Amino acid sequence: MRYLPLTESDRRAMLAVIGAKDVDELFRDVPAAARLAEPLPLPRHQGEMEVERAFTRMAGKNLSAGCAPFFIGAGIYRHHVPAAVDQLLLRGEFLTAYTPYQPEVSQGTLQALFEFQTQVAMITGMDVANASMYDGATATAEAAIMACRITKRAKVILSGSLHPHYAETTETSLRYTEMEAELLPPDPLGFEDLLGRVDSQTACVVVQNPGFFGGVKDLRLLASTCHEVGALLVVMVAEPTSLGLFESPGAMGADIVVAEGQSLGMGMNFGGPGLGLFATRDKYVRQMPGRLAGQTVDVDGKRGWVLTLSTREQHIRREKATSNICTNSGLCALAFSMHLTMLGGSGFGRLAEINHANAVRLEQKLAKVKGLKVLAQSYYNEFAVHLGDDVKAAEVVDALAEKGILGGVPASRFYPSWPELAPVLILAATETNTEDDMDRLVAALKEVV
Amino acid sequence: MSDVNTFSGNRGLQVEEKLIFEMGNPGCSGVDLPEPGPVDLDRMDGLAKRGAFGLPDLSEPQVVRHYTRLSQKNYGIDTGFYPLGSCTMKHNPRLSEKLARLPGLADLHPLQPQKTVQGALEVMDSLAEWLKELTGMPTVAMSPAAGAHGEWCGLMAIRAAHDDNCQGHRRRILVPESAHGTNPASAAMCGFSVDPIPAKDNGRVDLDALKAKLGPDVAGLMLTNPNTCGLFESEIIEIAAAIHGAGGYFYCDGANFNAIVGRVKVADLGIDAMHINLHKTFATPHGGGGPGAGPTVLSAALAAFAPVPYVVHGKDGFELVEGGREGAKPFGRVKGFHGQFGVFVRALAYITSMGADGLRQASSDAVLNANYLQAALGDVLTPSFDGPCMHEALFDDRFLKDTGVTTLDFAKALIDEGYHPMTMYFPLVVHGALLMEPTESESKDTLDQFIAVVRGLALKAKAGAAEAFKASPQFTPRRRLDETLAARTPVLRWKA
Amino acid sequence: MGDKRFTKDHEWISVAGDIGTVGISDYAQHALGDVVFVEVPEPGRAIAKGAEAAVVESVKAASEVYSPVSGTVVKGNQAIVDQPGLVNEAAETGAWFFTIKLSDPSELTGLMDRAAYDAYLKTLE
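Going down the list, the sequences are from chains B, X and V. When the count follows our numbering, it moves up by one through the first sequence with no breaks and lands on 795 for the last residue. When the count follows our numbering, it moves up by one through the second sequence with no breaks and lands on 497 for the last residue. When the count follows our numbering, it moves up by one through the third sequence with no breaks and lands on 1601 for the last residue.
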């Protein structure tokens, strides 16, 4: 077996040193009733070729995005990842390293995390960012909990603009705590009144910008309203490339910014792993969950990096920790950082412009589809359309798939009990979409709607 | 260290590397993007801006060199022996990386129509089947993103089950003193209070003390098995019976599952929930701190409370259940989308490569390697417990008494010898712990060399070389770093 | 200030009139190692005997400082907030944590004097 270096003669020699007659003897603390005498009746080991064949077969049953005009977003976005990023990620010193607890042999990971934290703080317009969380959904939940900890209040308002998975994950996280989530209904038109809901009981308001249905909003008034009553504003960014073209959440007054970082560096991978970005103000840093890399010097006075402020974390604080999180999304954070470094400041801005321009182009072309209305007036690279009162978006999406087109996400997949959302389809366009893709989508929509 | 100074500050292959923010070359980019054409910005609510971010501009060769140099300042499993106890640093197969990059698996969106992703759902279902077979448990929640996340998932299911049975007043969780810090932290996030239970002199849970703590307010027990001392809890069946008898559920922290895969089905031990760290037991890369995955198996008593989503066999193939379903009472959702799919692909590739026979051989070799270390070092170090260990060997710092050398110094000296240190000062129940987990990936030759080095260092420490230990490591890109400075005056980002 | 009295959690208090000054013992600062962060209570806060009053952290450990007596906080020591290292240098002198107006001076009788505390420390070795 190719991953196991011991030979039978090695094993015999080692057992002799140990003084055991066989390996079974080493398992003598296992209750006899629970010991399995032989391998389970399951498939035996296989060579690379056989395994690869099985996976190629499974992969072949899927319609991959690169083989279809593709317009799906809703929290995961298809972007082109530069070839260098993936090649660099495969370097064994990154791929096969543990968490950088031993800083003398982990300066590579630590410096990369310090750069990542800086990049995240820069694009979100915040003071400080952590070394990442599992994904956007868990980062949103942790932000809500952190806001309760800071304000010593228990009420969390979740905007209808928030991705339903993020809202569900946050509700689940608060379910058995003293905190409570107030979830507002889905808001495809951007009419939601948050200002009137914030009061002196409110720990935080959580909004997503651009929203789940694509709409973008100026959050300055909401931020000042929150601050007047001592509440915090948490802004979720599901599509971080939007920050290349937008006023940052930090500049609009956010206290905590969380994001799903999958758009940069990682590809879609059927939705996981993700990358939770988490940024806040300096004054809240000790209330922030997750790992932090910090700058220091070594005994020779040379600049270096360590994990720091760990007393917030579970391995020291145990049940009083800011979170139970014990890892981050290290390799995904590295991928994000590499992609952003490849883009640079000018490339990041231009990527966002292309995304927005493609979405505008898509909207213009969709105007030719009879009965179709674009809902939000302002958007970045994604918007929701209404296909007509009697049209079911889910059926349209299935019909498009029959034609080899992956044409958006029906809102009903997330909101099955909201009949008025049945005709709503959410469409995204990125730099990967060609003019031809858009024409094929429009032509197909004309046929099926 | 070395008296030789270079003009550059570099030392041969050890190259000093600036931060990216200190090496920008304005106007460069590593990516060629087309002209966007005239962009109509009036669809952006007046929020559009074209501004500087402070991000540096670099070309591709600069970027490639930067990250290559950074990588050379890291130690990985690919570099050498990584005996980090409780972390299972085994070889990460490259086939897994190749397969995870197949466009038919990588370039998939989680919200595609389900009939266009039947192969992806098959990957999830096949992995779930293997995990259920290997543990003997009827259900697995696939979506937790890491071990601690799986702990929380399992405890949430326990809490939901108690609530459903009108036992919502059960809020106390028993956790051994030797537990990993995530255990009490996860319990607290479910609204449970944590009640520590002591260990006996042989490193196992004190069953009598446990029984004395049982009562009508006990929700359950969290126990790592094999435990954090690397020992199998020999009374685990009695422990399970006791907790069940008191109306509680039994959560097992599966961090050390690598010791028993294919040799013990956890269902036979009376366990109700256990997370499985795919990045430990099933060889997916640690990646410098994630992404991991922590699927959590559940007993029949807890199955109905598994979080969404999950895959079922429908009439037209695999079906992903994202909302309600007859008979199910999911406690909620633990993350976005469907779990760590990219990690699932790698884990399944490893599992199908190894097969039932290979997995059993791996756990046997892992235990053999650990016992070999324990036996070969037992006379110069001080093993904390008698008898065979499981997949990791625990020593304490009695062998360093009066040498002036601490466990930390000893570990740092190992770095200069070309090894990653073992886990130090964990578990907390022994003094100055040194926890070594060799895994099945290491050859006898590697272990013999390591043993010779550790023996040499132990004799050197006893011979009175404290100063040399205190000054180590000498040969690393950076020597010991000032953690006090980092914490007193935090610098958490670069600033111009 | 009067003589110091100690708790089993390694706080000390020294009382003048009805005002007590509270800190952590030299033993405690030594056990923590380099102190990197301190949080002291706001003036006016009412604290019960044994309740969490302040926080002290080193690189590898975090600990709560419990009030040895009940009362109302008069003042926190900003100097140790600004320079946590003072706790290592002068735990039982200048690096006090907070002053408190005692609501029940009889609580002092349950605390250890220096000799009793030293004897208690011997039992921890």
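Everything labelled a hint here was simulated from the structure, so no lab data went into it. Keep in mind it's a predicted model, so treat the numbers as computed, not measured. Don't be surprised by glycine CBs; every beta carbon is placed ideally from N, CA and C. Possibly wrong hints are sitting among the right ones.
Claimed, not checked - If the Cβ cut is set under 8 Å, some of the chain X residues that face chain B in the computed set are: (1) L14; (2) G47; (3) S87; (4) W153; (5) E418; (6) G419; (7) P422; (8) A467; (9) E468; (10) T477.
Verification of the supplied hints:
1. A cut of 8 Å between beta carbons decides the hint on X:L14: the least distance to chain B is about 12 Å, and the hint is violated.
2. Interface restraint check: X:G47 against chain B, minimum CB-CB distance 7 Å, threshold 8 Å, status holds.
3. With a least beta-carbon distance of about 11 Å to chain B, the hint placing X:S87 at the interface is violated under the 8 Å criterion.
4. Look at X:W153: its Cβ gets to within about 6 Å of chain B, closer than 8 Å, so that hint holds up.
5. With a least beta-carbon distance of about 12 Å to chain B, the hint placing X:E418 at the interface is violated under the 8 Å criterion.
6. For X:G419, the shortest C-beta to C-beta distance to chain B is roughly 10 Å, which exceeds 8 Å, and the interface hint is violated.
7. Of the supplied interface hints, the one on X:P422 holds, with its beta-carbon coming within about 6 Å of a beta-carbon of chain B, less than 8 Å.
8. Because the beta carbon of X:A467 sits about 16 Å from the nearest beta carbon in chain B, more than 8 Å, this interface hint is broken.
9. Interface hint status for X:E468: violated, as the beta-carbon distance to the closest one in chain B is roughly 13 Å, over 8 Å.
10. At its closest, the beta carbon of X:T477 sits 4 Å from a beta carbon of chain B; the interface hint therefore holds under the 8 Å criterion.
When held up to the earlier numbered hints, the structure conflicts with 1, 3, 5, 6, 8, 9 and fits the remainder.
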